[in-house]
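Line by line, the protein sequences give chains A and B. For the first sequence, counting from 1, position 128 maps to 128 in my numbering; every step adds exactly one. For the second sequence, counting from 1, position 109 maps to 109 in my numbering; every step adds exactly one.
Treat the hints with care, as some may be off.
Copies of the same chain look alike in the list, so a pair counts if it works inside one copy or between any two.
Unchecked claim - Here are the computed lysine to aspartate or glutamate pairs in the DMTMM-like style, where the Cα-Cα straight-line distance is at most 25 Å: (1) K27 to D118; (2) K50 to D8; (3) K171 to E206; (4) K5 to E139; (5) K164 to E206; (6) K121 to D93; (7) K30 to D118; (8) K27 to D163; (9) K164 to E36; (10) K125 to D93; (11) K73 to E206; (12) K164 to E39; (13) K5 to E206; (14) K27 to E160; (15) K5 to E132; (16) K171 to E26; (17) K145 to E36; (18) K5 to D133; (19) K79 to E206; (20) K171 to E39; (21) K30 to E128; (22) K125 to E39; (23) K125 to D8; (24) K145 to E206; (25) K171 to D85; (26) K5 to E36.
Hints in this document: simulated from the structure, not taken from any laboratory. Keep in mind it's a predicted model, so treat the numbers as computed, not measured.
There are 2 protein chains.
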Amino acid sequence: MNADKIPDIIIGRLPVYLRALQRMQEKGMKTTSSQELGEHVGISAAQIRKDISQFGEFGKQGTGYSIPFLIDKLREILKVNRMWDVVVVGVGDMGHALARYPGFLNRGFRVAMIFDVDSSKVGQKVGEFMVEDSSKLVERVRNAKIKMAMVTVPAAAAQEVADKLVQAGVKAILNYAPTSINVPNHVHVQYIDPSTHLQRMTYYLE
Amino acid sequence: MNADKIPDIIIGRLPVYLRALQRMQEKGMKTTSSQELGEHVGISAAQIRKDISQFGEFGKQGTGYSIPFLIDKLREILKVNRMWDVVVVGVGDMGHALARYPGFLNRGFRVAMIFDVDSSKVGQKVGEFMVEDSSKLVERVRNAKIKMAMVTVPAAAAQEVADKLVQAGVKAILNYAPTSINVPNHVHVQYIDPSTHLQRMTYYLE
């Protein structure tokens, strides 16, 4: 297996498979087929088999996939068979929601620190966290060796925050600010912008 | 132009171009080039030219694109040269954040109603909205002819909510619940799940 050669589009589907398998496991299921998994995630059975076979032979002809086994394998491939600390920058409504979001822990993530530039917010409690001053971000994040961040600041502040995060050694940024950010090649960025998602659908509406 | 033939991957990039152009306009810029736009969004100039040329000749060799003209065209193509009402279902932290999110209005969207199944939340004010009872959802959404929804309920409730929305005539669902949902072919779904986005990046981390 040569990880570098697997297209990112396939990597992007693995978390969706993993999520569906975890839901199946919660429901007490032990095995599944590419057909059944496909119905859950809206992807063809052939595509799922092809995607998963990139990483090895994880299923058996006739008996399908062992759910706990495939979960373990996908968690290993995606490197979420460990816990990743994530820092949240920007404590508006969205930052609040993320700091208190219960859906990270069983997916491999733990919010570790939250920052805001607004001195009236610094020191406030959000969930179990004390909001820290953004001026301390680079030092704090670097010392804690945190590699992941979620950015929920206004668009105009996003690039400056991204620059600080890169300086602090962060390697993966999930950007909620409604703007593109520029980072060095070795830093990964994903975007969440509800308006962008909605606009992708209105194109198809009457 | 035959809209049906344009790949969805291209449609998915148009909102990103539009967002960058709107940011440029806010900064007072009047014209741009595919090169400059590409630097903003992290996509090659050639790709941008190719994507945009699917819809017509909107730029001029040598002088580039008029920003207000290209904004108008993209808004027209994406059908956000009008305002779309959107309903929010589920008033947890994320539902709160979306109901109060200021980033919809200049992108073509307006939250119109919010619903929750929890009777202790019904009647509460969130932003400028009164939380309504989910039992009224089908009737209310159908009567108001709302075609778009954002779902921020727990995973276990997502399918039932999606079914109700489809029944009410909704044609586009932005699903924040961390699970896939099944809808008829004529209904569009986009997913926002921060854990899925984060897992897509951990794959590449050491």
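Now for the hints, and whether the structure bears them out:
With identical chains, the CA atoms of K27 and D118 are at most 25 Å apart between copies only, with a shortest distance of 24 Å across copies and 44 Å within one. When the C-alpha separation of K50 and D8 is checked against a cutoff of 25 Å, the pair qualifies both within a copy, at 14 Å, and between copies, at 22 Å. For a Cα distance limit of 25 Å, the shortest separation of K171 from E206 across copies, 10 Å, qualifies, whereas the shortest one inside one copy, 41 Å, does not. Taking the closest pair of Cα atoms, K5 and E139 never come within 25 Å of each other, the shortest separation being 35 Å inside a single copy and 51 Å across copies.
In this homomeric assembly, K164 and E206 come within 25 Å of each other (Cα to Cα) only across copies, at 20 Å, whereas the closest approach inside a single copy is 44 Å. In this assembly of identical chains, K121 and D93 lie within 25 Å of each other by CA distance both inside one copy and across copies; the values are 12 Å within and 18 Å between. In this assembly of identical chains, the alpha carbons of K30 and D118 never lie at most 25 Å apart, being 49 Å within a copy and 33 Å across copies at closest. For a Cα distance limit of 25 Å, the shortest separation of K27 from D163 across copies, 21 Å, qualifies, whereas the shortest one inside one copy, 43 Å, does not.
With identical chains, the CA atoms of K164 and E36 are at most 25 Å apart between copies only, with a shortest distance of 24 Å across copies and 45 Å within one. For a Cα distance limit of 25 Å, the shortest separation of K125 from D93 qualifies both inside one copy, at 14 Å, and across copies, at 15 Å. Taking CA atoms no more than 25 Å apart as the test, K73 paired with E206 passes between copies only; the shortest distance there is 17 Å, against 43 Å inside one copy. When the C-alpha separation of K164 and E39 is checked against a cutoff of 25 Å, the pair qualifies only between copies, where the shortest distance is 20 Å, while the shortest distance within a copy is 43 Å.
Taking the closest pair of Cα atoms, K5 and E206 come within 25 Å of each other only across two copies (16 Å); inside a single copy the shortest separation is 40 Å, beyond that limit. With identical chains, the CA atoms of K27 and E160 are at most 25 Å apart between copies only, with a shortest distance of 17 Å across copies and 44 Å within one. For the identical chains of this complex, K5 and E132 are neighbours neither inside a copy (40 Å) nor across copies (50 Å), given an alpha-carbon limit of 25 Å. For a Cα distance limit of 25 Å, the shortest separation of K171 from E26 qualifies neither inside one copy, at 32 Å, nor across copies, at 30 Å.
In this assembly of identical chains, the alpha carbons of K145 and E36 never lie at most 25 Å apart, being 40 Å within a copy and 34 Å across copies at closest. In the homo-oligomer, the alpha carbons of K5 and D133 never lie at most 25 Å apart, since the shortest distance is 41 Å inside one protomer and 50 Å across protomers. Taking identical chains as interchangeable, the C-alpha atoms of K79 and E206 lie at most 25 Å apart only when they sit on different chains, with a minimum of 9 Å there against 42 Å within one chain. Proximity of K171 and E39 under a CA criterion of 25 Å is satisfied inter-copy only: 20 Å between copies versus 34 Å inside one chain copy.
For a Cα distance limit of 25 Å, the shortest separation of K30 from E128 qualifies neither inside one copy, at 35 Å, nor across copies, at 46 Å. Taking the closest pair of Cα atoms, K125 and E39 never come within 25 Å of each other, the shortest separation being 42 Å inside a single copy and 38 Å across copies. Taking identical chains as interchangeable, the C-alpha atoms of K125 and D8 are never at most 25 Å apart, the minima being 38 Å within one chain and 42 Å between chains. For a Cα distance limit of 25 Å, the shortest separation of K145 from E206 across copies, 12 Å, qualifies, whereas the shortest one inside one copy, 49 Å, does not.
For the identical chains of this complex, K171 and D85 are intra-copy neighbours only, at 12 Å inside a copy versus 37 Å across copies, given an alpha-carbon limit of 25 Å. Proximity of K5 and E36 under a CA criterion of 25 Å is satisfied in neither setting, with 28 Å inside one chain copy and 30 Å between copies.
Violated hints for the displayed structure, listed by number in ascending order: 4, 7, 15, 16, 17, 18, 21, 22, 23, 26.
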